[in-house]
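Based on the hints, put chain S in the right spot on chain D.
Protein chains: 2
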Amino acid sequence: MSRKYVISLERLNRFCTDLFKGYGVTNEDAKIFAEALVKTEARGVKSHGVVRIKNYIDRIVSGTLDVTKDITILKETPTTALIDGNNGIGIVISKKAVEIARKKAEENGIGFVSVRRSNHFGAAGIWGLELSGDDMIGICATNSEPIVSAPTGKTRALGSNPFSITAPAKKYPHVSLDISNGVMALGKIYEYKRLGKPFPEGSWLDTNGNPTTDPNINPIPEFIMRPFGMHKGFGLTVMMEILTAILAGGEFGPQVSSVYRDIDKPNPISHFFIAIRIDYFRELNDFKATMDELIDYLHELPVQSGNSKVLYPGEKGAAVSEKKLKTGIILGEDVVNELLNMATDKGMDISNSPFEIAPDDFEEITQI
Amino acid sequence: MSRKYVISLERLNRFCTDLFKGYGVTNEDAKIFAEALVKTEARGVKSHGVVRIKNYIDRIVSGTLDVTKDITILKETPTTALIDGNNGIGIVISKKAVEIARKKAEENGIGFVSVRRSNHFGAAGIWGLELSGDDMIGICATNSEPIVSAPTGKTRALGSNPFSITAPAKKYPHVSLDISNGVMALGKIYEYKRLGKPFPEGSWLDTNGNPTTDPNINPIPEFIMRPFGMHKGFGLTVMMEILTAILAGGEFGPQVSSVYRDIDKPNPISHFFIAIRIDYFRELNDFKATMDELIDYLHELPVQSGNSKVLYPGEKGAAVSEKKLKTGIILGEDVVNELLNMATDKGMDISNSPFEIAPDDFEEITQI
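So the protein sequences, as listed, match chains D and S.
According to the working numbering, the residues represented by the first sequence are 3 to 370, in order.
According to the working numbering, the residues represented by the second sequence are 3 to 370, in order.
Note that these hints are calculated values from the structure, not bench results.
Hints are supplied without guarantee of correctness; some may be wrong.
Since copy identity is lost for identical chains, a pair holds within one copy or between any two.
Mimicking DSS-like on lysine-lysine, the simulated pairs with C-alpha atoms at most 30 Å apart in a straight line are [stated by the list, open to error]:
no.	residue 1	residue 2
1	K156	K173
2	K156	K318
3	K199	K156
4	K77	K172
5	K156	K190
6	K156	K172
7	K48	K348
8	K311	K156
9	K77	K105
10	K77	K173
11	K172	K325
12	K173	K105
Bound conformation, chain D alone (with noise of 0.2 Å):
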């Protein structure tokens, strides 16, 4: 077995800062990106976590993702803006999109923002989080490179097009609801090999496009996901893929080259984000104190026998997140390897790495 490594969140915020540092992000890019990652990998989203900094790095390295350009802002109304993201770092870009759409809703009720040519922009949930904050109700959603059949189809359509709807509450954390499109991500497939369970009928295509239940037919990144729901998945990740790039001007559906096998092609990308002030409509406080409501209704519900309590979306994260808070963040062997490794490779001095052996009856807290 191989070991775990456990670190808390203001070392992890540091040493990911330096690192991006190190590879010629600006401070406060630097900041912005280290943070985002950190915040997503104590909600228990490992899968959009520091997880995927090989990548983002690798793509800095290749040079098809550049972190020396700003956005640009191609259009701009009181309500809307249209924002080029100059192939940069998808995270900065969509928090800065973000503080765009909260501002014209602060000032206008609404914003909503649309952005193009950006980059993989971590996890959906983030930003409906930084775009509902206290007082809002946020929506966005991104494009991704084909994935997702068609119901009836054989081949990778469209992107599974992860988009989140987030609202606050009074004494709750927020009700966030992140979700992509498939049936099921491509990284639980790993789970199904090891436990040698066969997928659920229907969620997966083999690489020739077959309906298959064998998780070992072939490599796992050749799978060919199906849309959760059938034709309603599928037609909320068209939706989506329409929202976001052909709205923005963008890449869409087979234009978008592969996040993970492309490392030489850009990966532009297409986001939107909408902020919306709710007292506009009505009184915050009340709108929290119903929201409230809303969630003990929730928890109340009887459930089926050997079930705990019903969760509101984003529950989970925001309990997973408090304890990480307390304990720390636990990363496999692999993963600190990859940092350490990204890291002496820019001269970075790791003699004393912030990464502690975890003891072995460290719990790793995923559910609540």
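Frame of chain D; chain S shown alone:
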């Protein structure tokens, strides 16, 4: 076998308008009311077409739907409005809300209209299409009486909360997603019963909250719908409840009585309507041309053997509608009798009935 009747869209429109007028609806409102239902019927969405008129009129008669009331604008800014529907006709309220949202988008790029104390607004897709028109993206939703369980729940938790996202193309009809958040509509149970087929696993709970695949286990109205894609569909229904009822300050969750069973109680539901002017982001013709490219791409996708080409969201409805404009609409004897009975109850002369018996070999178009 019961008889089938055929009627042209124009005559059905006129009949329904007169019928509503007979029940005290103003000329103008009756036209709006009839037009939306006939349009829905023409698109092949029979569950939300003229079959619903009986319920609307039962509510008018019982006084729980007030046809004399206009909307009140409670709060308004250049980009937003909060509307009290005053328990009027949901379809008429929605038509007005759409007009307000579009006007605001016309002037300021985006319009967001929130509505409370409305009634059943028909099919979400109709309002998506109206919001979109020729130049905007439309997004809308409604909440509804609780019918969908939480993924692990045993009871009806929230409405199926249908929503629509709609955008115009150039040479093709609108791309228009119109879905609710349940695995399967209640109405489909009739088909499973008729064919003696078990439900797909995970689609329904019985009256006692236990998973079932037996369509005969209890009366149809007592089945409990499961969310599509489990936590994803449930998350969507939670967020739609927030974007409709909680933002508007309307009734939410269990506060919403049943539109079918509680005829003597008001059914005060909430909606939202967003219009986004496309040319605030991109030249409208470029956007539409790219929409056509997306559609062409979807049409050319390879499909599993035995399937015809991939259809985009809204394509089937548009094609059916085009054909029914020529052939007329087919209605079952039960629906026609219901309509005629409601007419005679108000002393309307139906000696010259506009419904003609359809030839035995008349083929109804519900598929393309």
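Hints and how they fare:
| no. | hint | verdict |
| --- | --- | --- |
| 1 | K156 with K173 | between (47 Å within a copy, 26 Å between copies) |
| 2 | K156 with K318 | between (35 Å within a copy, 21 Å between copies) |
| 3 | K199 with K156 | both (23 Å within a copy, 28 Å between copies) |
| 4 | K77 with K172 | between (36 Å within a copy, 23 Å between copies) |
| 5 | K156 with K190 | both (21 Å within a copy, 28 Å between copies) |
| 6 | K156 with K172 | between (46 Å within a copy, 27 Å between copies) |
| 7 | K48 with K348 | within (25 Å within a copy, 65 Å between copies) |
| 8 | K311 with K156 | between (39 Å within a copy, 11 Å between copies) |
| 9 | K77 with K105 | both (16 Å within a copy, 21 Å between copies) |
| 10 | K77 with K173 | between (39 Å within a copy, 27 Å between copies) |
| 11 | K172 with K325 | within (20 Å within a copy, 52 Å between copies) |
| 12 | K173 with K105 | within (25 Å within a copy, 37 Å between copies) |
Violated hints: none; the structure is consistent with every hint.
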